[in-house]
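What follows is each chain in one-letter form.
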Amino acid sequence: MKGELQSGRIRFGGGILLLLLGTCIVTLPWTLGSSSNFYYDRQHTDSPLLAPRMDTVWMWFGTSKLGQSLMGQCLLGGVISLTIGLAAAAISVVLGVSVGILAGYRGGWLDSLLMRIVDVLYALPYILLVILFKIALESPLGKILRSSAAANLVVLFLSIGLVSWLTMARVIRGQVLSLRTLPFIEAARAAGVPQHRIFLRHLLPNLIGPITVYATLTVPQAILQESLLSFLGIGIQKPLPTWGSLASDGLGLALAPVASCWWLLVFPCTLLGVTLLALNFVGDGLRDAFDPKAEASHI
Amino acid sequence: MTRFIAWRILQLPLILAVVYLITFALVWLAPGSPYGNNDRALSEAAKNDLKVRFHAESWEKFLTYYPWQIVAHGDFGPSLSYEGWSVNDVLRSSLPVSISLGLLSILIALVFGCAAGVTAALHRGGILDFLSLAAALIGISLPPFVVAGMLIVIFSDGLHWLPSGGWGEFRHMILPGVALALMPMAYIARLTRVSMLDTLGHDFVRTARAKGLPKRTVVWKHAFRTAFLPVFTYLGPATAYAMTGSFVVETVFNIPGLGQHFVNGVKNRDQTLILGTVLVYAAFLLVLNLFVDIGYALIDPRIEINARPE
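Going line by line, the protein sequences match chains A and B. Residues in the first sequence are numbered consecutively from 4, following my numbering. Residues in the second sequence are numbered consecutively from 77, following my numbering.
Quick caveat, the hints were computed from the structure, so don't treat them as lab data. Treat the hints with care, as some may be off.
Unchecked claim - For the chain B half of the interface with chain A, some residues (derived, Cβ under 10 Å), not all of them:
no., residue
1, Ala101
2, Ser169
3, Leu213
4, Val229
5, Met259
6, Val368
Here the structure is a predicted model, which is why all the values come from computation and not from measurement. Quick reminder that beta carbons are idealized off the backbone N, C-alpha and C, glycines included.
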């Protein structure tokens with residue numbers, strides 16, 4: 004019963020994710036090709052704010068205020084949103100796992116130091132930290148990369164990633180603390196296995212469960228954070244779209260009591276919501292599947 | 077216990093000092109300046125005058141003046157972008173707003189989150205489990221501004237039950253409170269569910285049922301009390317989130333809270349205002365976490381607290 008529910012959840016969520024991501028990636032040549040009607044920045048000046056129409060494909064989702072195809076924007080926005088989520092998850096895996104293993108395995112002053120750093124960063128509300136990172140890093144990076152759009156994207160990845168490794172570090176440290184005392188690690192140490200080998204061959208395989216779970220749950224959080232930044236006007240630079248920025252742009256026009264442009268909100272939000280829901284489904288399913296304690300009877 | 081509390085309280089100012097320095101470094105390195113940003117371009121001389129007046133010619137000057145003022149007089153200095161306002165004025169007017177909104181939303185999240193979590197656990201694998209989890213997940217699957225916007229459209233524009241913005245009366249607090257509560261509510265529901273499932277499998281629950289206690293008593297008096305612990309740990313961060321994560325909700329509902337001032341501060345590079353708000357936020361978070369740790373030890377006697385952290 005339990006196993007069925009979980010693998011069902013994982014498969015259901017994973018299937019939706021693959022389908023969405025696949026569609027967004029396959030259509031990249033059109034959304035990035037400047038001659039196509041789907042090109043994210045192609046402004047059809049004669050047709051701004053048109054409601055969805057079924058007869059022409061690029062108008063299935065309607066058009067934006069500047070006459071861009073909302074479908075094209077949503078497709079490209081999906082790629083960018085999901086990349087932001089994956090980048091944040093990757094950063095949080097690399098940073099969080101190394102900090103967690105180091106702190107948990109070495110202990111002593113290193114553990115105290117690393118955990119105090121995590122505490123300090125936890126003490127700053129994270130959305131605030133993202134904002135501060137972003138404004139501090141953006142212009143130096145722009146000079147290095149010589150392109151403000153590229154710098155904007157990289158800083159967005161980095162700043163969201165840099166705040167999302169804290170939970171991972173804490174969880175991994177806790178796991179390592181209990182793993183460290185187990186006989187097989189002790190045996191490895193007694194046999195003279197070098198430390199990096201203990202980390203990679205003995206500790207890491209036992210941490211795959213929590214790593215997968217928390218990485219999966221980082222992705223939706225990062226995507227949501229980007230939408231908040233876009234809403235506050237410090238997210239992705241226009242005209243590049245993300246689902247979050249499309250939704251926040253469309254909010255005002257869609258909620259207008261007269262002549263509501265509902266499609267500006269409905270399409271990006273549905274895509275965003277379905278994706279986050281699927282990601283959370285997969286993450287929760289994985290967590291339950293990896294958690295040996297979650298064995299309970301009906302009362 | 078006393079040693080633990082003393083140790084943690086001793087740590088507070090240290091962590092706050094580090095938070096101050098990190099924030100200062102980030103704000104100082106950020107491009108742009110708080111002086112004469114938008115319409116009026118100031119001459120270099122006028123800018124320098126302002127910098128001297130605000131003790132901000134160089135980072136050494138700033139760091140030798142403001143931290144001392146905060147420690148000695150509790151004075152965060154003048155706001156660099158709101159003319160004629162001190163940061164203390166801003167905090168005094170906006171902090172009560174953010175705190176009352178945050179507390180209301182935590183209350184909403186706690187009541188509904190726990191109810192949903194317990195329901196889901198009792199009907200594990202059934203339709204109610206799926207529904208309550210899905211409902212909880214929707215809370216964390218839509219950006220808060222969208223949820224807030226939809227609440228306004230339904231309850232304010234459509235049904236005319238509640239005002240869409242403003243501040244002052246209780247009815248102004250309901251919609252923003254709900255919008256803010258969704259995220260912590262989702263987490264609380266999921267935490268409660270998992271922890272209830274864990275508790276329901278224990279022997280004492282079976283014993284209580286076996287000796288003939290009604291199901292409701294066993295669920296709420298025996299199981300839920302134990303299962304509430306992880307939720308209680310989450311309350312610290314959740315309350316902090318509700319008080320600090322309100323930037324967006326405050327903007328949508330046009331509420332004069334702390335979050336709005338912080339965002340304005342960031343946009344105007346208002347260094348003193350940013351530092352002031354960050355310090356207040358961080359202090360809140362740290363104190364709340366301390367309370368949670370102490371309360372945790374008081375609720376569950378099995379938990380031993382070491383004098384030194386871990």
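Review point. For which of the previously enumerated hints does the structure constitute a violation, in increasing order of number?
Key: 2, 6
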